[in-house]
Amino acid sequence: MKRLQKELQSLTKDPPPGLCVDIKSITKSMSEWIVDLEGASGTLYDGESFKLCFKFGPRYPFESPQVTFIGNNIPVHPHVYSNGHICLSILSDDWSPALSVQSICLSIISMLSSCREKKRPPDNGFYVKTAHKNPKKTKWWYHDDTFSFPFQHLFSLLPLSVYSVSFFANVLSLYFIPFMNLHSLSFSPYLHVFILFLHFLSAQQIC
Amino acid sequence: MVVGGRGTVAPPALVSRFSPDMADFHYDPEKNYDEQTLEQQRHIEQEVASTQALVSERLSLNQLIKDYSMEDNIYQQKIQDLRSRYRDIRKTRGDGNCFYRAFGFAYLERLLHDKSDIPRFKEVVNQSKTDLVALGYPQFTLDDFFDTFLDVLSRVESSCTPEELFDTFNDQGVSDYLIVTWRLLVTCYLQRNGEFFANFLEGHRDIKEFCCQEVEPMNKECDHIHITALTSAVGIPVRVEYMDRGEGGLVNHHDFPECSKPAITLLYRPGHYDILY
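Protein sequences, first through last, are from chains R and A. Just so we're aligned: the first sequence equals residues 1 to 207 in full-length UniProt numbering. Just so we're aligned: the second sequence equals residues 1 to 277 in full-length UniProt numbering.
These are calculated hints, taken from the structure and not from any lab test. These numbers were taken from a predicted model, which means no experiment stands behind them. Just so you know, not all the hints are guaranteed correct.
Simulated pairs of lysine-lysine, DSBU-like, Cα-Cα distance not exceeding 30 Å [to be verified]:
| hint | chain 1 | residue 1 | chain 2 | residue 2 |
| --- | --- | --- | --- | --- |
| 1 | A | Lys122 | R | Lys6 |
| 2 | R | Lys118 | R | Lys137 |
| 3 | R | Lys118 | A | Lys66 |
| 4 | A | Lys220 | R | Lys137 |
| 5 | R | Lys28 | R | Lys118 |
| 6 | A | Lys31 | R | Lys2 |
| 7 | R | Lys119 | R | Lys2 |
| 8 | A | Lys66 | R | Lys55 |
| 9 | A | Lys208 | R | Lys119 |
| 10 | R | Lys13 | A | Lys208 |
| 11 | A | Lys122 | R | Lys51 |
| 12 | A | Lys261 | R | Lys2 |
| 13 | A | Lys122 | R | Lys129 |
| 14 | R | Lys118 | A | Lys122 |
| 15 | R | Lys137 | A | Lys208 |
| 16 | A | Lys122 | R | Lys139 |
| 17 | A | Lys220 | R | Lys6 |
| 18 | A | Lys122 | R | Lys55 |
| 19 | R | Lys2 | R | Lys24 |
| 20 | A | Lys220 | R | Lys118 |
| 21 | R | Lys28 | R | Lys51 |
| 22 | A | Lys220 | R | Lys119 |
| 23 | R | Lys137 | A | Lys31 |
| 24 | R | Lys24 | A | Lys220 |
| 25 | A | Lys122 | R | Lys133 |
| 26 | R | Lys133 | A | Lys220 |
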């Protein structure tokens, strides 16, 4: 509560360009806010305005707030679903207590600004039909924005033999990790687990 | 920035291979399993939280013997080796914050007995906060964490008893504020020495992305790079005893920074850190 008051104070006193907290929308317990957002000039969203709804749980800032687009204008963007849910890593896995309402808004503005083509996520239909109202009940998969297509397609390009060889190589290396000298390992176990995980994903035809 | 698509999740299908009561499970691609998956994760976290204290009492190393089967020769031999050099262990909760929690407790506990390092350490903490502001971190979110941290430090300096320190570390509200501050000290040092540390990153991430994904979020585990950064940032040398499945019967250690005289000693078992005495 104290933390949210501080955030509100800083946002109303010195708002970054394109951001405006709707003071009237804030509930007495401060657990719900609406923030008005303007598309940055010179981007695909120039001249459009959006509404972001923030809901804070009792463990904020140790758990991320629920953040969704609401209202009539949900931005058409490859990472924004038509129900207002946003796929952005800092809203779940990469949330840190040192982030704030302001840093979330700025990330969202930056996400919109870097968009090159207005379109919905490829699985929008399925997701909107089956998703819970709360986006925090979705298990999100993230990939770097610089990838031009999902990982699944990457793996479908590999001939099957290459695929299975690399798969077993990874399983083997996982098996040997406990026997290796930890000092020389640095970060590679995570890489292997990650690669294995990717194989698992592609085998399940998801992603 | 990392943004992305989403996937309908398969873990419940994975679980069915191991759990007999889910043997009839059939994956339905038309259904969304996210909620169940997250529920299962929460359940595991709750179970860990209800069975492990954030920081335990000091226990005899003999306790460790019971953690492994008597037939497990590698570990039983290594425990004997540890017992020749250490007497006690203090366990921490396996929640991904264990290194920071163990390191923080061991250091503050040491300060209770020898306060001479406090002024130097306070200065380091204050300087890091100034550096973080210069790196673009908003002052008011930093204040929250650093104020709590410095407040605990002042209490250690003036009137804190070992019992009070123990209670502080087991009060999740305060304890987690301390964890965030340690994480911020690491992120600050990594970013200020980004050119050097970038050599140790794999993949396409730069140091800022690495910090946002692997350092600042709670529950993200500590790796070699984090420990190197933290010990260099705060000038507190640490010895880590590595107890793993490697052959040889002896527990190897590594000092951060190398050739230093360690102020605290931690025990590493794959994926987890505890305190050794």
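We went through each hint and held it up to the structure:
no.	hint	in the structure
1	Lys122(A) to Lys6(R)	holds (25 Å)
2	Lys118(R) to Lys137(R)	holds (26 Å)
3	Lys118(R) to Lys66(A)	violated (60 Å)
4	Lys220(A) to Lys137(R)	holds (20 Å)
5	Lys28(R) to Lys118(R)	violated (37 Å)
6	Lys31(A) to Lys2(R)	violated (41 Å)
7	Lys119(R) to Lys2(R)	violated (39 Å)
8	Lys66(A) to Lys55(R)	violated (46 Å)
9	Lys208(A) to Lys119(R)	holds (29 Å)
10	Lys13(R) to Lys208(A)	holds (28 Å)
11	Lys122(A) to Lys51(R)	violated (43 Å)
12	Lys261(A) to Lys2(R)	violated (42 Å)
13	Lys122(A) to Lys129(R)	violated (54 Å)
14	Lys118(R) to Lys122(A)	violated (50 Å)
15	Lys137(R) to Lys208(A)	holds (28 Å)
16	Lys122(A) to Lys139(R)	violated (40 Å)
17	Lys220(A) to Lys6(R)	holds (27 Å)
18	Lys122(A) to Lys55(R)	violated (36 Å)
19	Lys2(R) to Lys24(R)	holds (19 Å)
20	Lys220(A) to Lys118(R)	violated (34 Å)
21	Lys28(R) to Lys51(R)	holds (20 Å)
22	Lys220(A) to Lys119(R)	violated (33 Å)
23	Lys137(R) to Lys31(A)	holds (14 Å)
24	Lys24(R) to Lys220(A)	violated (37 Å)
25	Lys122(A) to Lys133(R)	violated (46 Å)
26	Lys133(R) to Lys220(A)	holds (27 Å)
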